[in-house]
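Participant: Given chain W's structure and the hints, the job is docking chain R onto it.
So the protein sequences, as listed, match chains W and R.
So for the first sequence, the numbering used here puts the first residue at 1; every next one is plus one.
So for the second sequence, the numbering used here puts the first residue at 459; every next one is plus one.
Be aware that a few hints might be false.
Listed below are several chain W residues computed to face chain R (Cβ distance under 7 Å; list not exhaustive) [what the hints assert, rightly or not]: (1) S339; (2) G343; (3) A349; (4) T350.
Because the hints were derived from the structure by calculation, they are not lab data.
Since the structure is predicted, the reported quantities are computational estimates derived from the model, not experimental observations.
Glycine included, every Cβ here is placed at the ideal spot set by N, Cα and C.
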Amino acid sequence: MTLTAFLILLVLAVTGYVMNRRAASALTADGTRLHSLTHFHGLYALLTVLVPVFVLICLFLILETPIINAMVMAGLPDGALDGLDTGGQQLVLAEIRSISRGRVFGTPEDWKLAAADRLVALYGWFDILLIVTVIALSLAILLFTRRRVAAEFRARQASEKIVTGLMVACSLIAILTTIGIVFALVFEAWRFFQMVPLTDFLFGANWEPQIPIREDQIAAEGAFGWLPVILGTIVISFVALFIATPIGLLSAIYLNEFAPHRIRAIVKPVLEILAGVPTVVYGFFAILVVAPALRGAGAELGVPISPNTALAAGGVMGIMLIPFISSFADDALTAVPRSLRDGSLALGATRGETMLKVLFPAAIPGIVGGVLLAVSRAIGETMIVVMAAGLMAKLTINPLDSVTTVTVQIVTLLIGDTAFDNPKTLAAFALGLMLFIITLGINVLALRIVRKYREIYD
Amino acid sequence: MNDMRRTEPTVTENTTKMQARKVQVYYGDNHAIKDVDVDIADKTVTAFIGPSGCGKSTFLRCLNRMNDTIDIARIEGDIRLDGEDIYDPKVDPVQLRAKVGMVFQKPNPFPKSIFDNVAYGPRIHGLARNKAELDVIVEKSLRRAALWDEVKDRLDAAGTSLSGGQQQRLCIARAVATNPEVLLMDEPCSALDPIATAQVEELIDDLRSRFSVVIVTHSMQQAARVSQKTAFFHLGELVEYDDTSNIFTNPKDSRTESYVTGRIG
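Looking at chain W on its own, in the form it has when it is part of the complex (with noise of 0.2 Å):
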């Protein structure tokens, strides 16, 4: 029925199009001047059947449910609810709802069986509403936008008026989305914060999230110090970039300066695939290749090494930045104006030397905020280290060594059966806000960098 709902609607919308657009040209049959073109009243005529109506099919959509279980609730008979908490009463509507999709289990009561043909009947009754609605709505706002034509209507100000909001309404949800995401993890922060003092959080060199289950249990006070998490996503990021950053930069000089053509246009496409190779599958690489191979070759020097090495998870990050990194410094390289390179090549410099000298410095603020980008990326990055580095939280700088990331503990900590309402869980929401926070000041910093760079050759 929302089909059959959206699809009048679709239709009087272009019918208001066809109908204005023709009243108008009609107009200019004895020679009248419009102040707006014809197709600007229709256009005018179509956006406003089209948007309103479309924004109360939607709410109509979103409350049609919820007042129909209120209004079956209510219409349950006497006592049919006594001593029922909340989820008890969930549970008696669920039942309903599922008798009145002809699921019947057992032998339900008389009165179930009642309020479930009334849901059904009130879904009619709101369908043939929902229709009804559409249709006077859309006629009247026809009516009055066709009374409106007029040789002096400014029908393209009017239009593009009503474009302009929606695109408005646009950026409105995508930043009141974000802005609601920052809010739940600042407030179940919060909550944490009241468990956990942030001093012992900030400052803390032990991360042991347990907390006893029972009131007898024996188990340790949990220990929240975040340093030796962020210490390991830290190691893990700089093990990335260090194979990452040289590797994406050499190639993207290469490929842009040196390559003949034909190379370029096969390894630009490769490299741009293994972008798009999932970061799961980057895990399989890093425990099923990388790790092994590391702790052979730790065996046959004699060194021992653990099999959740940061070297591993961290090296395997920095395979997958290199397209990252290599994609951008090739843009800052591409974005050096053709002029400078003609220039030094005139003045009898080589090609490396008017890489080395001209257009590298000339690219530099762009690579650094592909870098700073490629940073946040590592930070942030959760599928490879949960696959690929350890659990445990240990304090070292030891890249031989296991160690845990922030997102590995977020996704721990969240992992299974919880309850948010201990620091165990919360702690979770802690970690992200601080991996939130240091990322978002990466980004800005990056984008600042990136834009002023900008700024230069345009």
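Facilitator: Just chain R now, kept in the frame of chain W:
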């Protein structure tokens, strides 16, 4: 070719610096330059004029092998600098470009300081053994480009901070700093205002005492003002090449006459 050089020079007439014979340029399938023969004299300003797309800039870029940087460009024929074929496989285009400098249409200073812009060429070619020598080269080049007095107090300022005319003179200083023998200029004044243009034209006349200058220009007045020799290009062909005064007052080809009197172009 060398024979011609030995027999022709006289005390009054300048020697031939560059010599082009039967030069063809192709961009992919497009035959951009057809059978061009030109002798460019030493210590002379030679102007290339012609309507847009006639190939004058393309031909100019052949003279220092800048067309090498364009993958689809193909050059045939014979171009010699002091009797040596510049397209000989033994010739290193990098060294050739140190001898045949170039100034572009739009000023293109590097995003570096004024000093580093001028010192760029001397540094990569190792022309200065120490900082003091480099200072001397930079000052001399800036003086030759008539820019020294304007920038001597702010050599550390960015080259891009100068005005358009100053930037172009900086580019000229940068080009003369490597001691080229020939200076190619591709419409060097087209992005400049009339005052800056006058300054650059005056400079070109000064440069003639040391280098052979080849200038591509859209402006016939400019060609008449600064050059001694003028070549008129039309549709990829060299129509007429003679003393500038002859081209403008007594052209032999009707197409040249139409162009210089403003009937085509």
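Participant: It remains to establish, for every hint, whether it holds in the given structure.
Facilitator: Hint check:
1. S339: 4 Å, holds
2. G343: 4 Å, holds
3. A349: 5 Å, holds
4. T350: 5 Å, holds
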